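Keeping their order, the protein sequence lines are chains A and B.
Start counting the first sequence at 1; every next residue gets the next number (the working numbering).
Start counting the second sequence at 1001; every next residue gets the next number (the working numbering).
Simulated from the structure, these hints should not be mistaken for laboratory data.
Treat the numbers as computed from the prediction; the structure is a model and nothing was measured.
All C-beta atoms, glycine included, are put in the ideal place defined by N, C-alpha and C.
Mixed in with the good hints, there may be bad ones.
[Claimed, not checked] Now the in silico label distances, taken between C-beta atoms and shown as ranges: (1) A/E26 with B/K1147: 52 to 62 Å; (2) A/M1 with B/R1145: 37 to 47 Å; (3) A/D226 with B/S1155: 52 to 62 Å; (4) A/E159 with B/A1149: 49 to 59 Å; (5) B/Q1087 with A/G555: 31 to 41 Å; (6) A/E486 with B/G1028: 36 to 46 Å.
[To be verified] Derived coverage of chain B by chain A (criterion: at least 3 residues anywhere in the stretch with Cβ under 8 Å from a Cβ of chain A; other residues may be distant): (7) 1044-1053; (8) 1064-1075; (9) 1088-1100; (10) 1147-1161.
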Amino acid sequence: MVYGWAGRTLNVDLSKDKISTEPWNEAAKMYLGGRGGNAWLFWRHSRVNQSPFDDDAPLIFGAGALAATGLIGASRMEVTAVSPSKTETHSYGNVGMGSFWAPELKFAGYDNIVIKGRAEKPVYLYVYNDEVEIRDAKDIWGKGTFETEALIREEIDDEDVQVASIGPAGENLVVQSTVEHNYRSGTPLGAAMGYKRLKSVAVRGTNPVEVHDPERVLELNRQLVDKVRKAKALNVGIPRDKGMDAYLQGFLVGDAGVVGDYESHEWRERPNVKKAYEESSLGDYYVKDIGCFGCPFPCQPLFDLPGIGACIWRCYPTYWPWKLWMTDLRESFKATRMMSDLGMDNKEIATIVSWLMHLYSDGKVTASDLDGVAFEKGSSEALFETIRKVAYREGFGDTLADGPLALAKKLGPSAMEYLKHNQGMTMRTFEFRAEPGTALGEAISERGNSLRATTYHVVIWDKPARDDYTGMPPEEREAALAWSKEMFGTEKAIIATEYEGKPAALIYEMDGAAVADSLGYCVTMIRPSRVGAPGSQIGDMSYEFAAERFTAATGVPMDEAGLFEAGERICNLERAIAVRDGRSREKDTLHEYFFKVPIPDGPQKGRMLDREKFEKMKDEYYALRGWDVKTGLQRASTLKRLGMKDVSDQLKKASKLAKEKPEKEE
Amino acid sequence: MEKVIQVDIEKCIGCRSCEVACSLKNVGNSNPTRSKIRVIRYEKRGEFHNYVPMICQQCSTPLCLEACPVNAIAKNAETGAMVVSEQTCVGCKVCTVACPIGGVSMDPVTNIAFKCDLCDGDPECVKYCEPKAISYVAKDKLDLRTKRAKSKRFSELFNLMQSIY
Chain A
1 MVYGWAGRTL NVDLSKDKIS TEPWNEAAKM YLGGRGGNAW LFWRHSRVNQ
51 SPFDDDAPLI FGAGALAATG LIGASRMEVT AVSPSKTETH SYGNVGMGSF
101 WAPELKFAGY DNIVIKGRAE KPVYLYVYND EVEIRDAKDI WGKGTFETEA
151 LIREEIDDED VQVASIGPAG ENLVVQSTVE HNYRSGTPLG AAMGYKRLKS
201 VAVRGTNPVE VHDPERVLEL NRQLVDKVRK AKALNVGIPR DKGMDAYLQG
251 FLVGDAGVVG DYESHEWRER PNVKKAYEES SLGDYYVKDI GCFGCPFPCQ
301 PLFDLPGIGA CIWRCYPTYW PWKLWMTDLR ESFKATRMMS DLGMDNKEIA
351 TIVSWLMHLY SDGKVTASDL DGVAFEKGSS EALFETIRKV AYREGFGDTL
401 ADGPLALAKK LGPSAMEYLK HNQGMTMRTF EFRAEPGTAL GEAISERGNS
451 LRATTYHVVI WDKPARDDYT GMPPEEREAA LAWSKEMFGT EKAIIATEYE
501 GKPAALIYEM DGAAVADSLG YCVTMIRPSR VGAPGSQIGD MSYEFAAERF
551 TAATGVPMDE AGLFEAGERI CNLERAIAVR DGRSREKDTL HEYFFKVPIP
601 DGPQKGRMLD REKFEKMKDE YYALRGWDVK TGLQRASTLK RLGMKDVSDQ
651 LKKASKLAKE KPEKEE
Chain B
1001 MEKVIQVDIE KCIGCRSCEV ACSLKNVGNS NPTRSKIRVI RYEKRGEFHN
1051 YVPMICQQCS TPLCLEACPV NAIAKNAETG AMVVSEQTCV GCKVCTVACP
1101 IGGVSMDPVT NIAFKCDLCD GDPECVKYCE PKAISYVAKD KLDLRTKRAK
1151 SKRFSELFNL MQSIY
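Construct all of the structure, not just a fragment, from the sequences and the given hints.
Right, dumping it as structure tokens:
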């Protein structure tokens, strides 16, 4: 009996109209599932430097190893493909989402789906237990993701079908397009799906997922409910109340994140965020929180604005408006909803519009360069025009849909100079100049989006972001510093502005995130336990607890060290994919800007990244990883220790393996 | 005092924790299809998301019990739950037709009727419902609980009136 996992992989070839299944590989289970399992499948099914627009490129959907086992907070799915949005390098791209899709896939009897080939005409995939069909999508092609879901449910006549779709943007191979499920999306991979002419993957399952010890699963769930209740009573972590957490979520980033003033390289002359939020009376339109499968602690506030409609409004969408200097939150809510429906990434689009506004404001571009659209700071019209033009590839949007680099080339050298990007993707708003650890994560990140490789969860600031803000309570600060010393040997590892100890803290965060993403655990439920420390979330759980839960569901013995080893393995596999496709030490870097232009104002005024110290952090990072410091390539001995000899052999064949460390250095 | 599972549909967030808990406890795996409580979704993305937990209400006049041609359903004297006898049930589905709220279903594995038996007086599902869309309440407290919940808005109205006058 297979416990926890569903035990099967579904293979679909859209060119040959062929569907088959195979057992979910036993060896792959050391990568758990979800993100790790997908990485393993990607490694097997992709070729060196494959284009996302290659018929044979794999598109992989996976369920977290523990999704649908009944463990609270295990619900996440993962999509992995050759990244269309990293226009410089392509290679590995992935995105994780919560909600209901992954559990439904498990109930249908599959851990993952590998989709290859390209359909002749638009199709969607319908999975209902053992019945798998490639269906005609002519009636839904061109529709938004909202309507697509409704139409598919209507066609199948089942309200419980869970749908992951692309919108018009994905169909039009827009590199900023996303795969959307239930308002969730993220790092854009939609074009990879659009190229396959695959509109949706609709799943429905009515089978059981077997668990090793159902009584224990229930017991651990009760413990978790209890812990979260207590944390809520103490108001630990991020307050979540009546949707108002939406804006707090966006601004309480570490100790610097006092509403609207958190450190970001992206904007200056900030609007009064707090005032704008309060004046928007958005709270009046809060409906309720909705969440994910099997989690009674919903964290996704649903708003319904008259004349606009309903959408989830949380996290990133609540703070991108400021970098466009937009203070009309009604307009930004409308834009968020529109992008979700069209299937495009609000982070990419907002950052691009912010870039164009910077250029426009400095007189580097004019309206005539951009089809007559004036990119005045704060202009919602400019934003809406960009969204529409990119999604439907009109005018400058057609160029922009091939990535911001393509547009920058057309607009000229200033546009290129102003564009801060990572392999062609725009960057998060973090103030990398004041956060060396987060900068290192961004540089190392395989997918080119540092959210999965960042120290921002383990960060406190050396000084508050605002004079009238007292900062975190002293006892919490002390606890955080003590934790840092214990974990990484120095208090500095947790202080945002320091270099010391950062590589170790980053590895801790990266491996931990890989575990959560691969088990399908919510990152709210499993993030490192450090009650009261900044960035710690409600329901913080130790990895020990996570390991216990894993064992209860799967019957596989596990402890904290075992989970971290799995995390390390997953990070090594992702590195191997990147290295196979050309990654090396010199490419693990950030835009020159962060090393050259000091922060002009605010509490961190004058700071920028120090190249020498940054390179030293890299030395330390590679050494701690057991990689070659000179090249950033992996070593056979490291991969062998992690049980990855097959990966090591293939890298060797491709001459992408570092030489073993000479004896004297040991 | 007998207790019942009270449903407050306005509070349901559609997470299906109750379905999982029911199946883990009663069939030993994670399987919403065999859960005795089901969350019915009414949603249109971009417009509305409503969820209704549906579960046997242990009727005062249990039509399932009345309708059963083989007398397979009996009331548990202690908990007040209508309980299906697995040995007696022949799977004729008459009870599923008779029930006015869809509280009895056919188990797709055993092919006999299955319905909530209140877990012998300790229902598992309610333990995880943080929003309290379902709760296990004594019958003599049900009435005031409902009235209190529904009158809460009036209480807010009083505050408003007082602030005006």
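Tested hints:
1. A/E26 with B/K1147: 52 to 62 Å: holds, 58 Å
2. A/M1 with B/R1145: 37 to 47 Å: holds, 43 Å
3. A/D226 with B/S1155: 52 to 62 Å: Since A/D226 and B/S1155 have Cβ atoms about 30 Å apart, the given range 52 to 62 Å is violated.
4. A/E159 with B/A1149: 49 to 59 Å: Violated, at about 27 Å.
5. B/Q1087 with A/G555: 31 to 41 Å: holds, 32 Å
6. A/E486 with B/G1028: 36 to 46 Å: holds, 41 Å
7. 1044-1053: Our answer is that it holds, as 6 residues pass the Cβ test (under 8 Å) against chain A, meeting three.
8. 1064-1075: The restraint on the stretch 1064-1075 of chain B is violated, since only 0 of its residues have a Cβ under 8 Å from chain A and three are required.
9. 1088-1100: violated (count 0)
10. 1147-1161: This one is violated; 0 residues, fewer than the three required, reach chain A with a Cβ under 8 Å.
The structure is inconsistent with the numbered hints 3, 4, 8, 9 and 10, although it conforms to all the rest.
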